[in-house]
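Q: Residue-level listing of the chains:
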Amino acid sequence: MTAADILPVLHDSRSANNGALKTAVVALVGNPNAGKTSLFNRLTGLRAKTANYPGITVDLRKGRMRLSGRDLELIDLPGLYSLDALSPEEHVARSTLLGEIEGRAVPDAIVLVVDATHLARNLTLASEILDLRLPTVVALNLIDAADAADITIDVGQLAMELSCPVVPVSARTGQGIDDLREMMARLLAEQLPKPTVEHTSCTAGCHGCTFAARYEWAERVTEGIAQIPHTHGRRTAAIDQYLTNPIWGTLAFLSLMLGVFYLIFSLADVPMTLIDEGFGRLATVAEGLIPTGPVNGLLWVPAVGALAMGFFVLGYRLAGISWTWRSGVAAAGVAALVSMLPADDFRSLVVNGVIGGVGGILVFLPQICILFFFICLLEDSGYMARAAFVMERLMRVVGLPGKAFVPMLSAHACAIPGIMAARVIEDWRDRLVTILVLPLLTCSARLPVYAMIAALLFGDSPQKAALVFVGAYSLGIVATLATAFALKKSLLRGDAVPLVIELPPYRLPSLRNALLTVVDRASVFVRNAGTIILLISVGLWALASYPKLPEGAGSPGAASDVAGLAAAATEAKQARIEQPAAWTGQTRAQEALAYSFAGRLGRLFEPIFEPLGFDWRINVGVISSFAAREVVVSTLAIMYGMGEDAPDQQETLVETLRRQKRPDGSPVFTTATCLSLLTFYVLAMQCLPTQAVTRRETGSWKWSFFQLGYMTLLAYSVSFVVYQTAAAFGYA
Amino acid sequence: MAFRVRLLHPFEPENINMTPLSSTSQGMVVCSRVEGEGPEITRLKRMGVCSGRPLEIVRAGDPMILCVAGTRIGVSQKLARAVFVKPAELAGANRDADDGDRKNGQP
Ligand SMILES: Nc1nc2c(ncn2[C@@H]2O[C@H](COP(=O)(O)OP(=O)(O)OP(=O)(O)O)[C@@H](O)[C@H]2O)c(=O)[nH]1
Ligand SMILES: [Mg+2]
Chain A
20 MTAADILPVL HDSRSANNGA LKTAVVALVG NPNAGKTSLF NRLTGLRAKT
70 ANYPGITVDL RKGRMRLSGR DLELIDLPGL YSLDALSPEE HVARSTLLGE
120 IEGRAVPDAI VLVVDATHLA RNLTLASEIL DLRLPTVVAL NLIDAADAAD
170 ITIDVGQLAM ELSCPVVPVS ARTGQGIDDL REMMARLLAE QLPKPTVEHT
220 SCTAGCHGCT FAARYEWAER VTEGIAQIPH THGRRTAAID QYLTNPIWGT
270 LAFLSLMLGV FYLIFSLADV PMTLIDEGFG RLATVAEGLI PTGPVNGLLW
320 VPAVGALAMG FFVLGYRLAG ISWTWRSGVA AAGVAALVSM LPADDFRSLV
370 VNGVIGGVGG ILVFLPQICI LFFFICLLED SGYMARAAFV MERLMRVVGL
420 PGKAFVPMLS AHACAIPGIM AARVIEDWRD RLVTILVLPL LTCSARLPVY
470 AMIAALLFGD SPQKAALVFV GAYSLGIVAT LATAFALKKS LLRGDAVPLV
520 IELPPYRLPS LRNALLTVVD RASVFVRNAG TIILLISVGL WALASYPKLP
570 EGAGSPGAAS DVAGLAAAAT EAKQARIEQP AAWTGQTRAQ EALAYSFAGR
620 LGRLFEPIFE PLGFDWRINV GVISSFAARE VVVSTLAIMY GMGEDAPDQQ
670 ETLVETLRRQ KRPDGSPVFT TATCLSLLTF YVLAMQCLPT QAVTRRETGS
720 WKWSFFQLGY MTLLAYSVSF VVYQTAAAFG YA
Chain B
11 MAFRVRLLHP FEPENINMTP LSSTSQGMVV CSRVEGEGPE ITRLKRMGVC
61 SGRPLEIVRA GDPMILCVAG TRIGVSQKLA RAVFVKPAEL AGANRDADDG
111 DRKNGQP
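Chains A and B supply the protein sequences, listed in that same order. Mapping of the first sequence onto our numbering: position 690 corresponds to residue 709, and the numbering continues sequentially without gaps. Mapping of the second sequence onto our numbering: position 96 corresponds to residue 106, and the numbering continues sequentially without gaps.
One or more hints might be untrue.
[What the hints assert, rightly or not] As a list, the in silico BS3-like pairs of lysine-lysine whose alpha-carbon atoms are at most 25 Å apart:
no.	chain 1	residue 1	chain 2	residue 2
1	A	483	B	88
2	B	88	A	507
3	A	507	A	680
4	A	81	A	41
5	A	508	A	680
The set of hints was computed from the structure by calculation and includes no laboratory data. Treat the numbers as computed from the prediction; the structure is a model and nothing was measured.
Work out the full structure: start from the sequences and follow the hints.
A: Below is the structure:
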């Protein structure tokens, strides 16, 4: 009603715009699962890209297609049940249709996608969309499935009832796609009349619920034009008998998820190794390319400056940052700074900062992609709705909806796909709480740290070491649920929004769609998280490299400028004395790190982390793993004078760590310190990519910082309790 | 006004057979009233659970499964408590009266 009232005005402005030569915009609209995305992929092929509207991130896929010599832009809108907009996704779909998005008019035409196997439900939405009176063509999709189910539909009659053209199509087989294109071309050429009929005629009574009136209209139309056999939906009902059963359904869900996890970890293994090795080789090549001797400043400075500038052009393009004077000055400034660097520093920047930083993120890409792939298959098959259904009761105990379960499972591989999967949760508050607690779950980047600590604690007993893992995983799960519960009782007060979910029919998912979705999501991840990570890893590189250790370091004069530094260098030297003489190159790295800002920060934080049982070298590890937690292993290796390659030989690393002594002669890595360090790494944020994705999905840095803040606080206080308790029992 | 309606409802002849959906076990029913408002209730209504519409209860429990307009939907008990239904056989005769009653709040 409201929509129809305002539309004539909007419509005029649209036709006015049409005078200028602009690309027409066509939106695909329809119920969830009507096959909009499949149809979109059919119509645009690979020429699609993911766009993003302001506010909370809702990815909209847009694609270009050519229709009888005319360019047009196709938008794949999120699925709708009505124009009431009860989720952020529906809100974007609604505002797009009503032209409420700034700088965008109403779409020039609509392709209304209707599922031929669920006519009554889909026509209910259709009546609401047709009432918008936009130029519309109905794509009667899944016609192949309707045929297979012996559903016969009188298409001509349907077109009469809807007073708009109807084209039977199948996004799966490609049937009717050409007809659809032709109809779209005619629609845009204004050769077809716009829909005029009021679809909720008052035959059923004009009182009460408007939805009832639409449903009655839709059912009357369906009865008139379609014959649906009685057996329709039997198969889905039979499968649901088991999959929605409280016991069998839960068991099936858990075993399915275990299977998926097994596949993720086993399939991702090879590509992860390859990426790791690839970046290692790249680093070697880059190292060889950069000259070692003195360089000609006249050639060097402009060459490096241009290279850095090229990097920014590429980075801005990927991340979609526009060139304003501010971003331009930033880029030019940094490029100038980089071109001033001595060759040695530049080499270190390229190898450790850029290549190391990018490689550190990309190793997780295979896991993320595989996870997205399975999530997409499960969603398309119709199973995800059942998973939410069986988990609803359990999850509600902590105030979260059943739909939060899949994101939580995904977060056990990596928090990023988990956070992105939280989009299935309609209610904004429920979604936000889920996003905020997800990083507490043990992701695969924590595993190297767990492994190191398990070896430190129980190197001799694999059973006890396994217990460390079980304990760490459980701590993560308990912390997640407890935090969710606490947030729902305090900051984001309210019960979980009760479940109303369509249980769509089971369908064979399409591999092609799943792969396209994976490419799409992976590129979003690389472009958004990747650029921020690159910046931060360069920043952390600078922290760990500057100020440089003066030549002949270790001599009293060199370190006299900062009070604590003399002590730092002496202590570092002491550590060196304990090592075999062959490791002098590594001790230089150790001293350099101790002398750098990172080393100084480690000292500065000493009183803060003292109650957790950390010494200043562990602090350096904690600081350097601020962007990515697995980095702590290699930092500790450097800090304790072992060189960067030590983590590969875990035995030696653990042996060396065990030997470390505090100034008073007691060992550094006591049981209490190990437990406290483990707790800290289970609970602390320490993952910038995750924060970047949180920012993206929540639309503001506020929630990322909140996440960082509460997790750091939680990690600190629980580690404090763990250390002090263990120390009180004499384990320190 | 609202108070009076609620008080009188159980005594209306057409409301004697009305039960909350949450305590109905199986079979065909007709929805006669959905109480409350807000996004959850709208979510329910737009899936087809609104006054005058036939519903089939496929599986009772929490959450329960309904079949509405040819599709199956899962609904949690909490929401089902806001939905009042009556057996399908009784619904036909009382439908008009029920509609009138809902509209005017009196017999
Ligand atoms: N047999 C058949 N299956 C189809 C057809 N079109 C889509 N599907 C399947 O239907 C399911 C849902 O398709 P999507 O394209 O993801 O539907 P959607 O409308 O984009 O769904 P939302 O994005 O959730 O709103 C997938 O399993 C598709 O493979 C079709 O024409 N025939
Ligand atoms: Mg889609």
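Q: Hint by hint, say whether it matches the structure.
A: Each hint, compared with the structure:
1. A:483 x B:88: violated, 45 Å
2. B:88 x A:507: holds, 18 Å
3. A:507 x A:680: Violated, at roughly 45 Å.
4. A:81 x A:41: Distance of about 16 Å is within 25 Å: holds.
5. A:508 x A:680: Status violated; Cα separation ~45 Å.
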